[in-house]
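Q: Here is how the chains run, residue by residue.
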Amino acid sequence: MTTLNDDALVAEILDGSEAAFELLMQRHERLVYRVSYGFVRDRDDALDVTQEVFVRAHEKLATYRGEGTFRAWLLSLTRRASLNWLRRRRRDRAREPITAAAAPAVAARQEADLSRREETALVLDELSRLNPRQCLAVSLRYLERMPVRQIAAALECSEGVAKNILFRGVRKLRERLGTSLEIGS
Amino acid sequence: MSERCDDIRELMEDHLAGELAPEDLARIREHCAECADCRELAALHGLLSRAGEEIPVPDADEFQAMRAQVLREVRRPRARRVAWELGRDLVRLARLHPVAVPALVVLLLAVALLAGRWSAAPATLDDELLQRAVRSQAARSAGLDGFWDAPLSLANVDVRPAPDGRLDLSFDVCQHVEMAADRRSPVVREVLLHAILEPSNLGARLEAMDLTAEVADPALREALIVTLHQDPALAVRLEALRVLARHPFDADVRDALLTTLRRDESVQMRLSALEILAGREVDRKAVRRAIDDAGQESDPAVLQYASEIGYGL
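Taken in sequence, the protein lines are chains A and B.
All residue numbers in the first sequence are consecutive under my numbering, ending with 198.
All residue numbers in the second sequence are consecutive under my numbering, ending with 333.
Quick caveat, the hints were computed from the structure, so don't treat them as lab data.
Just so you know, even glycine gets a beta-carbon here, dropped at the ideal spot from N, CA and C.
Among the clues, some could well be false.
As the list claims (entries may be wrong) - Which residues of chain A face chain B? A partial, calculated answer using Cβ under 8 Å: (1) Ser30; (2) Glu31; (3) Val174; (4) Val183; (5) Leu186; (6) Leu190.
Claimed, not checked - Which chain B residues stay away from chain A? Per the calculated CB distances, all over 12 Å, these: (7) Ala63; (8) Arg95; (9) Pro181.
Sequences and hints are given; from them, build the entire structure.
A: Right, here's the structure in full:
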């Protein structure tokens, strides 16, 4: 079964195979986790979103028509699940009192000497503030090193449009991260 | 500036894909030393790539636990999924045969009307439904049947304190169904089978057994034989014997009666079995052997009756 491609596994799952579904999860769980992390920026939350994505994928599997790739379809579910999760978190946080931890990232940006971890947190924070399509495109391109062709499939658009989305996403990130950038080695 | 920014940015893209020769990397460095714009972009690429490497990734056990949880979740709504698949098949059928689906709908409506039943099945188990089910169960336990009526009933209720001050509730939720069906329907057979073998309701067992002769099904006859041999209530075993006598008399029924004659602890049962066997064409030696096998346990009344009907020693 491990040699079957995604579409063949989907057919097995639709025939009731649990083993095929587990294999499909194993194949894509890290990608789904990492992309959702790009949105939610929390390890446990990203794992929860990953779980939610696969439950949703199983429910909706019959609607997957084999057009494009399964990975693209799964990533569109990941984007939607991550956004829903962010919406829920925003709603919950609106009810919480404001604490120092919730202060905007701008304050952190003014720190002259950002440690490496803080820098990463800052980049991911700004990444998650991009619009959803840009966030997904930049995550796939830079965090996952995915070729533009596959990003276009995940965004359900042409390669040209995917390149534009990427370009605008990167430009916005540059504007927002602005002065804290230093040239990498 | 040594090179065009567009060329350098293409090289940066190649660098992302891991397809960059050392001399091209040197070209990027050289260009970035002079061009602030490209320097900033290169820095962003570096930051993003590093961020990707520093994402905390759960270990294999955590992913395995996540997969197990997903599998548990997806097992639950199977009924909903089956309904969805049925809908999908109907859509396909409608595409292939536009008249078929309306015809099927009309047929189903007709069947539902004839049966005189409309399902009041709830779409989901919301809190209100569960509360009504709990209350209904409580009313039933207090002998107030029908005081609160609910489409669901509860069984196996268990309440335990949980560590965080909440309560762990555990119960089975069952939906009550009322329907009318033809005697030959497989559902009728299964419900009768269940009623015969269900130990908690003696009345239901007796009534269900009485109906099996009219339904005439091998599985039901099997259930009658099991009841004849195993039911703890004498009244039920006697009824099983009486009903079996009305079924076609074949080797299975004969053997069941011989076993009863040999093993049943009740004299009344053994006498009744003997009486039925005597009225059929059964090998006399087999009947005699069954009486002998009972040995010391053979009641004098059985021996006397056997002697009177010609099975004496």
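Q: Does each hint fit the structure? Answer for all of them.
A: Hint-by-hint comparison with the structure:
With a least beta-carbon distance of about 12 Å to chain B, the hint placing serine 30 of chain A at the interface is violated under the 8 Å criterion. At about 6 Å, the closest approach between the beta carbon of glutamate 31 of chain A and any beta carbon in chain B falls short of 8 Å, and the interface hint on this residue holds. This hint is violated: valine 174 of chain A has a C-beta 17 Å from the nearest C-beta of chain B, more than the 8 Å allowed. Hint status for valine 183 of chain A relative to chain B: holds, with the closest Cβ pair at about 7 Å, below 8 Å.
The beta carbon of leucine 186 of chain A is positioned within 8 Å of a beta carbon in chain B (closest approach about 6 Å), and the interface hint is therefore held. Contact between leucine 190 of chain A and chain B, as hinted, is supported at the beta carbon level, the nearest pair being about 7 Å apart and thus within 8 Å. The claim that alanine 63 of chain B lies off the interface is violated: its Cβ sits roughly 4 Å from the closest Cβ of chain A, which falls inside the 12 Å cut-off. At the 12 Å boundary, the C-beta of arginine 95 of chain B falls inside the reach of chain A, the nearest C-beta of that chain being 8 Å off.
Its beta-carbon lying about 26 Å from the closest one in chain A, proline 181 of chain B satisfies the requirement of being farther than 12 Å from that chain.
When each numbered hint is compared with the structure, violations occur for hints 1, 3, 7, 8.
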